[in-house]
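Given these sequences and hints, build the entire structure.
At position 196 of the sequence shown the residue is numbered 196 (the numbering used here), and the sequence of numbers has no breaks.
If you're looking for bench data, these hints aren't it; they were derived computationally from the structure. One should not assume that every hint holds.
Once the Cα atoms are required to be at most 20 Å apart in a straight line, the calculated DMTMM-like pairs of lysine to aspartate or glutamate come out as [said to hold, decoys possible]:
no., residue 1, residue 2
1, K28, E56
2, K49, E68
3, K16, E123
4, K16, E129
5, K28, E38
6, K13, E129
7, K33, E68
8, K49, E38
9, K201, D190
10, K55, E38
11, K201, E187
12, K193, E203
13, K28, E129
Pair ranges (Cβ atoms, derived) [to be verified]:
no., residue 1, residue 2, range
14, H118, T34, 43 to 53 Å
15, P119, K55, 30 to 40 Å
16, G24, H118, 14 to 24 Å
17, A14, H122, 22 to 32 Å
18, S205, T19, 55 to 65 Å
19, H146, M6, 32 to 42 Å
20, R125, Y72, 15 to 25 Å
21, H122, K198, 45 to 55 Å
22, G117, H43, 33 to 43 Å
23, R125, G24, 37 to 47 Å
24, N40, V180, 24 to 34 Å
By construction, the Cβ of each residue, glycine as well, lies at the ideal position given by its N, Cα and C atoms.
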Amino acid sequence: MIAMNMSMTERIKAGKLFTDMCEGLPEKRLRGKTLMYEFNHSHPSEVEKRESLIKEMFATVGENAWVEPPVYFSYGSNIHIGRNFYANFNLTIVDDYTVTIGDNVLIAPNVTLSVSGHPVHHELRKNGEMYSFPITIGNNVWIGSHVVINPGVTIGDNSVIGAGSIVTKDIPPNVVAAGVPCRVIREINDRDKHYYFKDYKVESSVLNYKNCLIRFAYQAYKFSDLH
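Below you can see the structure in the form of C-alpha cells.
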C-alpha cells in the first residue's frame with residue numbers, strides 16, 4: 001500500500017514506489033499514445049507530418065532530429081532529444097520519468113530504454129507498484145541494435161554500446177562497451193579516427209566531411225521526391 005502524503009509525481013521524482021492509474025497520468029499517456037498512433041500509421045510519403053509529430057510527441061527536440069516509425073513510448077512528454085538525433089525502427093522508451101538524449105546520438109533498430117521497474121517481491125507489486133529513475137544518454141553516443149538500457153543509467157559522451165547489450169550500470173565517456181551485463185571493453189583511441197570497421201581504413205576525403213555527411217543525408221531525404 002502506498003502512503004498518500006505525496007502526489008504520484010512527487011513520488012516519482014523522489015524515487016519512491018508509485019502507481020500510474022490516477023492523478024491525470026492515464027490521460028497524459030492517452031495523449032502521447034494518440035500522437036504515437038498517428039506517427040506510426042503515417043504514409044511513407046508524409047515526411048512533413050512526421051516531422052511535426054516528432055516535435056509534438058516529445059518534450060523537447062533539437063534540429064535535424066529524425067525517428068523511423070514505428071516508435072513506442074509511455075508518455076513521450078518526458079523525453080528530451082538533442083540535435084542531429086537518429087533512431088531506427090522499433091525504438092521503445094518507457095518514460096514514466098525523464099529520458100534525456102544528447103546531440104548527435106544514433107540508435108539502431110529494436111532498442112529499449114526503460115526508466116521503470118517493479119519490486120522483486122511479489123507482495124510489493126501486486127497492485128502494479130513501480131519505481132522510476134531517469135536515463136541520460138550523452139552526446140555523440142551510438143547504441144547498437146537490440147540494446148536494453150535499464151533505469152537510472154547514464155551513458156557518457158562519445159561512447160558506443162555494442163549490439164545485444166543489457167546496460168545495468170553507468171557507462172563512462174569515450175569507451176566501447178558491450179555484453180550482458182554491459183561492461184567496458186576498451187577506450188576509444190586515435191586508431192578509431194582512421195579505421196571505421198576492423199581493418200577498413202577511412203578515405204582521407206571522407207575525413208573532411210565530418211558532420212556535413214549526416215546533415216546532407218537528412219536534408220536530401222527531407223526534400224526528396226517523397227516530400
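Consistency of the hints with the structure:
no. : hint                    : in the structure
1   : K28 - E56               : holds (13 Å)
2   : K49 - E68               : holds (13 Å)
3   : K16 - E123              : holds (16 Å)
4   : K16 - E129              : holds (10 Å)
5   : K28 - E38               : holds (16 Å)
6   : K13 - E129              : holds (15 Å)
7   : K33 - E68               : holds (16 Å)
8   : K49 - E38               : holds (9 Å)
9   : K201 - D190             : holds (13 Å)
10  : K55 - E38               : holds (13 Å)
11  : K201 - E187             : holds (19 Å)
12  : K193 - E203             : holds (11 Å)
13  : K28 - E129              : holds (18 Å)
14  : H118 - T34: 43 to 53 Å  : violated (26 Å)
15  : P119 - K55: 30 to 40 Å  : holds (36 Å)
16  : G24 - H118: 14 to 24 Å  : holds (22 Å)
17  : A14 - H122: 22 to 32 Å  : holds (24 Å)
18  : S205 - T19: 55 to 65 Å  : holds (57 Å)
19  : H146 - M6: 32 to 42 Å   : holds (37 Å)
20  : R125 - Y72: 15 to 25 Å  : holds (22 Å)
21  : H122 - K198: 45 to 55 Å : holds (47 Å)
22  : G117 - H43: 33 to 43 Å  : holds (37 Å)
23  : R125 - G24: 37 to 47 Å  : violated (23 Å)
24  : N40 - V180: 24 to 34 Å  : holds (29 Å)
In this structure, the earlier hints numbered 14 and 23 are contradicted, and the remaining ones agree with it.
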